[in-house]
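Protein chains in written order, with numbering that gives the first Met the number 0: chain W, 0 to 233; chain P, 0 to 233.
Heads up, some of the hints might be wrong.
To be verified - With a straight-line cut-off of 20 Å between C-alpha atoms, the simulated PhoX-like cross-links for lysine-lysine are: (1) Lys214/P - Lys64/W; (2) Lys64/P - Lys163/W; (3) Lys144/W - Lys223/W; (4) Lys163/W - Lys209/W.
Unchecked claim - Here are the in silico distance ranges between beta carbons for each label pair: (5) Leu183/P - Gly217/W: 38 to 44 Å; (6) Glu147/P - Gln107/W: 42 to 48 Å; (7) Gln107/W - Ser142/P: 27 to 33 Å; (8) Lys214/W - Glu63/P: 25 to 31 Å; (9) Ile108/W - Arg74/P: 51 to 57 Å; (10) Thr39/W - Leu183/P: 53 to 59 Å.
Because the hints were derived from the structure by calculation, they are not lab data.
Where a beta carbon is used, it is the ideal one built from N, C-alpha and C, also for glycine.
2 protein chains.
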Amino acid sequence: MSTLFLIPVPIALDSIQSLPTETVEVARALDLFVVERSKTARQFLKSIAVNKAMSEITVLEIDEKDTRVVDEALRSAYKEGRNVGVLSEAGCPGIADPGASVVTIAHQIGMRVRPLVGPSSLLLALMASGMNGQRFTFHGYLSPKRPELMRDLQRLEQQAERRKETQLFIETPYRSQMVLEVALDALRPDTRFCVAQDLTGAGENVISKKVKDWKMAGAPVLEKAPAVFIVYRN
Amino acid sequence: MSTLFLIPVPIALDSIQSLPTETVEVARALDLFVVERSKTARQFLKSIAVNKAMSEITVLEIDEKDTRVVDEALRSAYKEGRNVGVLSEAGCPGIADPGASVVTIAHQIGMRVRPLVGPSSLLLALMASGMNGQRFTFHGYLSPKRPELMRDLQRLEQQAERRKETQLFIETPYRSQMVLEVALDALRPDTRFCVAQDLTGAGENVISKKVKDWKMAGAPVLEKAPAVFIVYRN
């Protein structure tokens with residue numbers, strides 16, 4: 000039966016060992032992919048040494064505003080009993096990344112959908128934070144500017160307290176330092192705050208403690224690496 | 000440096016191929032574990048063919064109400080520069096499972112915390128649902144009884160609409176059928192509803208469509224397998 004495979008890719012440089020054999024084997028066997036970005040998708044496929052020429056592999060980019068090309072490709076694949084892979088730039092397709100629209104089309108057509116195991120910075124950060132993994136919310140990106148970010152963080156702190164729910168968000172690497180500074184300013188001393196950087200990578204670093212302990216130690220200078228931030232109160 | 004490794008285990012029978020080589024290698028090398036349940040932890044360690052006798056491996060059960068034994072064990076390990084593994088019964092430690100208290104102790108002591116990659120039914124279900132992975136909340140278990148469950152589901156539906164946020168929850172296998180019936184009763188026709196069962200297992204099945212389409216097809220008889228349920232409106 001024609002299947003749409005959701006294929007996670009590494010989230011850090013040279014971290015191919017973070018993928019299960021099954022995930023790599025499935026990616027190796029396919030010749031039709033729907034992807035976030037062609038260039039990185041082809042780089043990934045080369046890195047796992049697919050056993051065919053790159054010219055034999057079709058790679059279609061996802062356009063969330065116009066899904067017609069992907070829709071047609073999936074319908075043809077379904078009719079031909081052909082399997083299709085979905086690849087995002089890093090991590091799991093559809094999680095803080097494009098891919099959901101492709102999966103929705105597959106369900107509409109009646110294609111089988113198989114999610115494969117691989118790295119997700121959100122999930123790894125939540126595990127490593129020591130915070131409540133029984134209830135949590137992921138917010139995507141918060142406001143990029145200081146005053147609005149301050150208010151966002153205080154709202155998250157209130158939600159964490161009221162619902163006993165861990166609050167996660169992400170930010171682009173070059174803004175990590177600013178987020179840390181605003182968080183230490185905005186949050187109450189006994190609120191727990193976690194920064195998880197470069198997960199699965201050579202510079203992996205998870206710091207998780209109360210705001211007052213962050214302040215006591217002096218805010219560190221963060222690397223410009225991908226980061227997940229987490230807020231909780233218990 | 001003494002490290003606490005968070006080690007995911009398979010979530011379905013005979014699905015060891017869902018673990019990355021790195022995760023298995025780390026588990027094989029350790030001889031001290033803090034676990035949700037000794038019996039299943041030892042079964043897992045046997046299944047990956049650890050290269051030492053089971054009698055050489057120390058396994059401590061997590062007691063969320065009394066963390067003294069684990070606290071002492073981690074402090075000794077830290078002093079001796081020894082590494083420790085955390086194992087839950089299925090999936091990722093600390094995610095909808097015990098483990099967070101252990102991680103919190105490690106951060107307090109100053110141990111390094113390294114989360115390893117492996118299967119999470121929540122994350123796989125979210126990927127496979129085709130729903131919004133940019134904003135989502137995991138609620139754990141909802142109310143077990145019909146009238147309260149009905150209200151819970153309508154609350155989730157409202158949250159999904161108001162916040163444009165995907166809503167996830169879990170339930171024990173023998174209640175899956177009841178949850179499906181109540182959901183089709185409680186939710187509005189154009190709300191999207193997903194049931195993801197036995198992920199990574201032989202009976203893996205993900206159904207994701209609007210409530211009206213569930214009703215049109217007739218509610219299927221669900222297997223008594225672990226399930227993740229997802230609600231969204233867009």
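Verification of the hints:
1. For a cut-off of 20 Å, the pair hint linking lysine 214/P to lysine 64/W is broken: about 30 Å separates their Cα positions.
2. Restraint check for lysine 64/P and lysine 163/W: the C-alpha separation of about 18 Å stays at or below 20 Å, so the hint holds.
3. In summary, the hint linking lysine 144/W to lysine 223/W is supported, as the alpha carbons are separated by about 18 Å, within the 20 Å threshold.
4. A distance of roughly 16 Å separates the Cα atoms of lysine 163/W and lysine 209/W; the hinted pair therefore holds under the 20 Å criterion.
5. Under the hint 38 to 44 Å, the C-beta atoms of leucine 183/P and glycine 217/W, about 55 Å apart, miss the expected range.
6. For glutamate 147/P and glutamine 107/W, the hinted distance range of 42 to 48 Å is not satisfied, since their beta carbons lie about 33 Å from each other.
7. A C-beta distance of roughly 32 Å is found between glutamine 107/W and serine 142/P, which places it inside the suggested range of 27 to 33 Å.
8. Taking the beta carbon of each, lysine 214/W and glutamate 63/P are about 29 Å apart, inside 25 to 31 Å as hinted.
9. A hinted range of 51 to 57 Å holds for the C-beta pair isoleucine 108/W and arginine 74/P, which are about 56 Å apart.
10. At about 41 Å, the CB distance of threonine 39/W to leucine 183/P disagrees with the hint of 53 to 59 Å.
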